[in-house]
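Start from chain A and add chain B according to the hints.
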Amino acid sequence: MTDILQILLIGAVLGGVYALMASGLTLIFGVMKIINLAHPIFIIIGAYVSYWLFTLVGLDPILSMPIAMIVLFCLGIVVYKLIFEREAASARYSEMTVLLTFAVALSFDGLLGVLFGNTQRITSPSYAVEAILLGDLFLPKGQFYAGLVSIALIVALAAFLKFTRFGYAIRATTQNRDAAQLLGVNVGLVSTVTFGIGIALAGASGALISFIFSFFPARHWEWIALLMSLIVLGGMGRLMGAVVGAFLLAIVSAFVGSYFGSTWSMMTFYLALFLILLVRPQGLFGEKME
Amino acid sequence: MPSGSALLEVRDVVAGYGRGPAILTGAGITVEEGRTHCIIGPNGAGKSTLLKVVCGLLPARAGEVVFDGEPITGLRPDQILRRGICLVPQERALFPDMSVRENLRMGGYIIADKADLERRIDEVLEAFPVLRERGGQRAKSLSGGEQQMLTMGRTLVLRPRIVMLDEPSLGLAPRVVNQIFGIIRLLKDKGITVIIVEQNAVVGLSNADLGCVLDLGRTLFEGPADGILADPRIRELYLGKRAGAA
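Protein chains in written order, with our numbering: chain A, 51 to 340; chain B, 23 to 268.
Check the hints yourself; a few may be wrong.
[What the hints assert, rightly or not] Below, computed lysine to aspartate or glutamate pairings styled on EDC-like, alpha-carbon distance capped at 16 Å:
| hint | chain 1 | residue 1 | chain 2 | residue 2 |
| --- | --- | --- | --- | --- |
| 1 | B | 162 | A | 337 |
| 2 | B | 212 | B | 100 |
| 3 | A | 212 | B | 124 |
Simulated from the structure, these hints should not be mistaken for laboratory data.
Isolated chain A, as found in the complex:
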């Protein structure tokens, strides 16, 4: 029983982190129909921002998270303006974005490799190696903090989408772009800013994972399948779907990892992706496409 609770606990805190990693991806797909294969490389850039701030000036990665978000927000806007905006009117936009974002991922992967090499790195604030003991249960502090901060950010994002005027504009553009434009929403601006927000969220999760996973530039290839499986499970473009998908798969993979060995836990996500596409391609909360 304790074993099961322990696995659930670890799965749940990791679920929060995965949910934040996926939130930006699903937001960007929802509004712009961009399938952003470069999302994890932005997470890695965020991790490097926090890593260097910690290593050079000793700034705690949770505290440097806002800096990583601002840097990535700006980078996101530049990338969107340079690469995606001009193609927005193309009839095959979604398909094209797969290739374009793939190229963006390759380019940043190469650039980071040149700058920082392929050394595995991890930020090491003191809590990264400590744990909280709850009776027989054991909870690594680093994962716990990262999970908590992730959930707080997702709640903030959901509130922003639900209650602010710009949040209304983002949701409206996601659900019916033409109608939003008809009612006076500047959908071009909404797209640009939403891309920035999505990439800033990638930056935030980068700062948080910098002390729970070791990272190097090419690690993003491993994460894209993981993230795609989360948002496909939840229904592409749906924030709550991504959150539920993240918790479900994180917990399942924690069980798989503990019963079959950790090599198999990553396999959970790939298998889940195949299964969802076979059985319910629209995801748990998505609607059937015509």
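Coordinates of chain B only, in the frame set by chain A:
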């Protein structure tokens, strides 16, 4: 009424999509304040395109749109919206996962004053009790008629001067179509100028004061709606066999 007192004047508009051929090749309509107008014409005549030009979604390649004495050709859609010209498009233009009330809030997206916006929404809900009952429901859970009602209610949040409806009866059951035209009469009673594009010309014209016949991108004829309904040539050309049924 002399044309100088027209609320909206569309003159000799040429327009098309992208680099494609012109759909409108000289279309125009004179819209008089407080009256209901119906644009009829066969498929592909350019009826919907004309509405898109008026509300700024499609630029005119030539010609002029004058609203309230001022040219509005070339303005952005939100600028035209602010002047009080609203389009209710053909496809249901709702936000399916937003609640009825949230959809109405989006209707007043360009209104910055929140308290004013909520007041206007309450006013609309007053006029549409069905929507009030459904306030918290997602738009996609409404019936076809209720969705059309919400789309029209959403337009009223802006207290528009002109409401343009593109095929408001499309895909609705006859009983619901009657309801929708009931609402259109309500708009007229509020003093709103209405322009309807209708495939079902008899229903459209019998609910309108003035009619406009469009064919191959040109305006062929404008005049009182009952005159068009009675004109044997137009009956034969554009109203087809349906005319007899009416």
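Right, here's what the structure says about each hint:
Proposed proximity of residue 162 of chain B and residue 337 of chain A is supported: the alpha carbons are some 11 Å apart, at most 16 Å. Restraint check for residue 212 of chain B and residue 100 of chain B: not satisfied, since their Cα atoms lie roughly 23 Å apart, outside the 16 Å limit. At most 16 Å may separate the alpha-carbon atoms for a hinted pair to count; residue 212 of chain A and residue 124 of chain B meet this at roughly 10 Å.
The structure shown violates just one earlier hint, number 2.
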